[in-house]
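Make a model of the complete structure from these sequences and hints.
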Amino acid sequence: MATTPQVKAGDVATPSTGVQRRGFNLMPYLFILPHFIFFGTFLLWPFFYGIYISLFDFDFLRPEYRPFVGLRNYQNLFSRESIQFTDFWRSIRNTGAFVFWSVPPLVVIALLLAVLLNGRFRGRNFFRALYFAPYALSVTVAALLWWWIFQPSGMVNQLLGRLGLGQPQWLSEMPWAWVAITVATVWWTIGFNTVIFLAALQEIPESLYEAASIDGANPVQQFFAITIPMLRPVLVFVITITLLASANLFGQPYLMTQGGPLQQTESIMMRIYSEGILQNRMGSAAAMSVMVAAILLILTVLNFRIFGRGDQS
Amino acid sequence: MTRTKHRVSLWLALLMIMSLVLAACGNQGGNTGTGGTGNTGTGGGATATTGTGGTGTGTGTGATATTGTGGTGTDMGATATTGTGTGTDAGATATGTGAGAGAGAPATTAAPPECPEAAQGQTVEMWSPLTGPDGDEMTRLAQQFSQENNRGITVRHTAQPEYLQRLNASAAAKKLPTMTVIRAGDIPTMAARNILKPMSEQAMGAIASGNISNDFPEEVWNVGQIKGQRYAFPLDVHPLVMYYNKALFKQAGIPEPGTDKPMTKEEFESAVNKLNQGGNIGWAIGTLFSADTMFQMLVRQFGGSMVNEDGTQATYNSPEAVRALEYIRDQKQKFSPKISGTGDPEVVQFQQGKVGVVFHGPWHISNLQKLPFTGFAPVPQLGERYSVWGGSHQLGLTTEDPAQQTAAGCWIGWLSANSVQWAKAGQLPVRQSVANSPQLAQEAAPIAAVAIEAPAVDLYPPVPDLEGAVMTEASKAIAAVVQGQQKDVKAALDQAVQRSNQIIQQNAKRYGTQ
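These protein sequence lines are chains A and B, in that order.
Last residue of the first sequence: number 308 in this note's numbering, and the count goes up by one each step with no gaps.
Last residue of the second sequence: number 766 in this note's numbering, and the count goes up by one each step with no gaps.
This list has only true hints and no planted wrong ones.
List of simulated lysine to aspartate or glutamate pairs, EDC-like, C-alpha gap at most 20 Å:
(1) LYS479(B) x GLU59(A)
(2) LYS449(B) x ASP54(A)
(3) LYS586(B) x ASP740(B)
Here are some chain A residues pointing at chain B (derived, C-beta under 10 Å):
(4) ARG57
(5) LEU250
(6) ARG276
Far from chain B by the CB rule (all over 12 Å, computed), these chain A residues:
(7) PRO29
(8) ALA92
(9) THR177
(10) GLU205
(11) VAL215
Derived by calculation from the structure, the hints in this document are not laboratory data.
The beta carbon of each residue, even a glycine, is placed where N, CA and C say it ideally should be.
What follows is the structure in structure tokens.
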């Protein structure tokens, strides 16, 4: 699918630049202008303004006190004596743990669901809508729902009690708090990944499967020999966006556990919110955001390197 | 190849549209849910008001004739008609309560002066953090004032969840309302951050004539006074209430706690020990709010303090504080080791009738008074001195416009004089002439039961971000100790105090205090 576009792009570009080879061509810039206006207003400018803020002791309501502190806000994140150090790195570790535990189910379960929903059976569209439906809820609704279900005497514990099993305090004991948050997140967002996989599955030519079955491959072999390789570009995309979405975890712990017990489910986004909005240390919060952005950028690049290998050949 | 791409992008487009549409539906669903909860609350409030209205109708016949319709309206009119003469008001109150001159007297002191002409026709936009049933009560009072005042002032009340963030954002956009209900701990910060504006002499004059500071507990009054200027006017205090289960008390043969003085340590401990049997929890202690407020209260009761007098040093690692935290840990271990987490599980357990005693904020009154077994009493005195954890709602102005300030002053004066009505929402009127009037016991019995707590409420000194600097760190130590992660109480508190002091020093530099 993505083997030839480089050649094609070159073919198209050469004749058009041939007309005004040396002169400045306004046309392409005009084409991207509408997008660039929004991109600039809502992404580029805030991004650089965030970096700018991170160099100050900044409170937007106190312009009378706004000293330039250079890199001290960053230095604080690496100095054990600062008030930010422990909280910042704990929340980074927490977020890392959540990414580690939530991305595999979000990708694997979504893929399996997509394969099932791609089959031919009665009421297929109904089930497709059903599995996608939770994604349409706001995070508040989804988190509140699971907050109820995981209450000490909530649905889950009632069921466990009937089965004669232990009844953990889901939202205030480790590691159960993470289990609860992960379950809520998977239930809530699985539909999105499923739909993307489903769309990609439908693009795999039927002839490949026919050929494979003539060669005597069973469905499992077909899955690993055809489906997975054909899905590779989409898989990289899905893993990347899931990774980013999980790293941006905020609403679920904010509503379900308030970061507890003992801040062990406090995600990095909650920490930045607390630092900047609740405690009015916006410079420091901006520095944290820049650090997180850098970490995520590195992760994304790594992800493309590892899973995307062979895609360019 | 192109067809393939088209189909993928078609899918994606469809997906995005669908998610947008459904997300909108989802949000609406959420809103409906919240509204529903709020409404239930109002229902309870309305019932109470109607009952009181009945009392008013019985005696104040003249008033009933004029209003005609709702019992509520009648009663309110009788309490303090926002007419012109102060004399009339006092008379009306006396008739309304039927208590004679004794009841009439305090209302006369509280009645506001005539609203100045400058306030004519103003619209007062008021925000608040009152998102529960208390917010509905406030809206009702605002509507009543809008109808009754003779200057054509309209007051519009909007409850804002996360009201501080809203105020911050509006300040940045230069779209602040006229005024806001503000929590006492937020006053110094919001004044330093240019959101609260000093109250003008005209505004203060419209609230009350003469010096009325001695009508308020000293701490509650002083927290609104910063660098010689007044930034907030006290409306109420909300102290911890001791909710107890009457049925369980009776069953265990324990006399119910009185409301004129707190239980002593011996009385209280013997009671909760007796209650702690047969699968019942004698004393429910949670984590988070429950543990945090109890710690602050017991540190002070044991003779220690959270911060020094001028708010420049955290002091909650004193021997008294260590003793307080050890006490909380041991009692929690003994009575309710399993109650923890968000959503006030200690109160949920109480609602199920399995808890003897629980301390919590008065905002639970409106729900708990629907249960037949709930009793209300002041929290006990467990240490050498009597101190109660509490907060205070105050009224602050967010505009410098003179006419707006004056109009807001008229409304604040009326609200303060009528804070008995506000007490129905579960808040303790802070104006002593109102809090001590027999009317309070009639109109809002549960909150009147804890009236002796008001002077015992200790607040933080008015230093910007002080409470945050103390409690963000203290609550980590409290949680670690109470949940058994940290055995060395002294070390946990030492570390937290050191970090609190670090933040306090940074704040002092940022806000230019000291």
